Amino acid sequence: MAEATANGLGQHALHATHGHDAAAVATTDTHQEHPIKLYLVVWAWLFILSTCSYLVDYFGIHGYLRWSLILIFMMLKAGLIVAVFMHMAWERLAMMYAIILPPILVLVFVTMMVFEADYTLLTRIAFFGPGP
Amino acid sequence: MAETTMTHTSQMEPRPAGWRGIAADWASDQRAFKNVSWGKAMMWIFLLSDTFVFGCFLLSYMTARISTRVPWPNPSEVFALRIGGSEIPLILIAIMTFVLISSSGTMAMAVNFGYRHDRRKTAILMLLTAALGATFVGMQAFEWTKLITEGVRPWGNPWGAAQFGSCFFMITGFHGTHVTIGVIFLVIVARKVWRGDFDTGRPGFFTSRRGRYENVEIMGLYWHFVDLVWVFIFAFFYLW
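Chains as they are written, first to last, in our numbering: chain E, 1 to 132; chain H, 1 to 240.
If you are wondering where the hints come from, they were derived from the structure by calculation, not from laboratory data.
Computed from a prediction, not measured in an experiment: that's the story for all the values here.
Honestly, I wouldn't trust all of these hints.
What the hints assert, rightly or not - Sample of chain H residues lacking proximity to chain E, with all beta carbon distances greater than 10 Å (derived):
#	residue
1	LYS34
2	ALA131
3	VAL137
4	GLN140
5	THR149
6	TRP155
7	ASN157
8	GLY173
9	VAL187
10	ASP197
Stated by the list, open to error - Derived CB-CB ranges, DEER-like:
#	chain 1	residue 1	chain 2	residue 2	range
11	H	THR177	E	PRO130	34 to 42 Å
12	H	ALA162	E	ILE100	33 to 41 Å
13	E	VAL108	H	ASP199	46 to 54 Å
14	H	SER28	E	TRP67	40 to 48 Å
15	H	TRP155	E	THR51	32 to 40 Å
16	E	PHE115	H	PRO71	18 to 26 Å
17	E	GLU33	H	MET42	17 to 25 Å
18	H	SER76	E	LEU40	53 to 61 Å
19	E	LEU40	H	THR180	23 to 31 Å
20	E	PRO35	H	PRO203	32 to 40 Å
No residue lacks a Cβ here, since even glycine has one placed at the ideal position from N, Cα and C.
Throw the hints in and build the complete structure from the sequences for me.
Right, dumping it as structure tokens:
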């Protein structure tokens, strides 16, 4: 997407008055100008992916196929929104990692809670018997 | 990705690629986010903290759902609507998803026109985004009303596990609050754009700072995040 990374250099002339020292680097606009077509394509893909995940439910697909399809469509949609709509794909790597890595660590918490919940279910079944 | 958006590229030292570059950016006597304004960086960090809030909600929902002996109510049937004599599963939620995605699309376009300094188009697209957001909240209110009249309470429901109600009201309620706040701020920023505040450098009412068209993008970040959270809620709560 190299051609999409236009920086709108001409508009920096407007900010040139306070853009002469290094400290002012971050005070000027970081222009994110990409062709409208890019947004329309992503928009269309989000519609397609949402329709697909809805159809998973509509056709009553069950079991591992259902869960993996839901997760795939979910991650694709989330990726498109973060990368293109939120412009993360054009941010500096330090920024990208600072924002995207921490939520992945939530998966550790998920693993812990899966074990914990399984244990709770086990004790509930042991004390109260299987479900009503 | 090598091609990051840069301002004043000439004033920035070249950095090594990959992890070495990240370490160099975070090293002492450095501004970590070189080309990111503080407003944008702070919005991202706020969104990160909000990610953890929603992450914890979805985690507690997962824990409740795994640990209950009582079968979980089938969301496909709970959220079905009777249209033209036949039950269509999850149709209201699907429409809400499309409305929210459309609002994200219009917001992305608003950001784009904002950077082109097209005041009229930016304001109209932002107001359209706000209208779609309000539609979403309205549909959510309809959904809540429907479920409450059917007997769903935070402590029980007619179909199965009692935790269903508390999880539902907690997660969708918090998300709906985010959408509502987003709609309010969209209208405020749209008014500023319409009036030309970002062209004339008019000081903000609350902060007394001059706004820039980047404010539209920062607003957009929040709005896209609301859509992003819905993607996860849709997958885990409604489809799972």
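Hint check results:
1. With a cut of 10 Å on Cβ distances, LYS34(H) falls inside the contact zone with chain E, its closest approach being about 6 Å.
2. Non-interface call for ALA131(H) relative to chain E: holds, since the shortest CB-CB distance, roughly 17 Å, exceeds 10 Å.
3. VAL137(H), annotated as away from the interface, keeps every beta carbon of chain E farther than 10 Å; the closest lies near 19 Å.
4. Under the 10 Å C-beta cut-off, the non-interface status given to GLN140(H) relative to chain E holds; the minimum distance is some 17 Å.
5. Taking the minimum C-beta to C-beta distance to chain E, about 24 Å, the non-interface status of THR149(H) holds against the 10 Å cut.
6. At the 10 Å boundary, the C-beta of TRP155(H) stays outside the reach of chain E, the nearest C-beta of that chain being 17 Å off.
7. Under the 10 Å C-beta cut-off, the non-interface status given to ASN157(H) relative to chain E holds; the minimum distance is some 14 Å.
8. Separation of GLY173(H) from chain E is adequate, the least Cβ-Cβ distance of about 21 Å exceeding the 10 Å criterion.
9. Separation of VAL187(H) from chain E is adequate, the least Cβ-Cβ distance of about 20 Å exceeding the 10 Å criterion.
10. The beta carbon of ASP197(H) sits about 15 Å from the closest Cβ of chain E, which is more than 10 Å, so the claim that it is off the interface holds.
11. Take THR177(H) and PRO130(E): their Cβ atoms lie about 38 Å apart, and the range 34 to 42 Å holds.
12. One distance hint, 33 to 41 Å for the beta-carbon pair ALA162(H) and ILE100(E), holds here, with the actual separation near 36 Å.
13. Checked against the given bound of 46 to 54 Å, the beta carbons of VAL108(E) and ASP199(H), roughly 48 Å apart, stay inside it.
14. A C-beta distance of roughly 46 Å is found between SER28(H) and TRP67(E), which places it inside the suggested range of 40 to 48 Å.
15. For TRP155(H) paired with THR51(E), a C-beta distance near 36 Å keeps the hint of 32 to 40 Å intact.
16. Separation of PHE115(E) from PRO71(H) is about 22 Å and conforms to the stated range, judged on CB atoms against 18 to 26 Å.
17. The given range of 17 to 25 Å is respected by GLU33(E) and MET42(H), whose C-beta atoms sit roughly 23 Å from each other.
18. At roughly 32 Å, the beta-carbon separation of SER76(H) and LEU40(E) lies outside the given 53 to 61 Å, and the hint is violated.
19. At roughly 28 Å, the beta-carbon separation of LEU40(E) and THR180(H) lies within the given 23 to 31 Å, and the hint holds.
20. At roughly 34 Å, the beta carbons of PRO35(E) and PRO203(H) sit within the given window of 32 to 40 Å.
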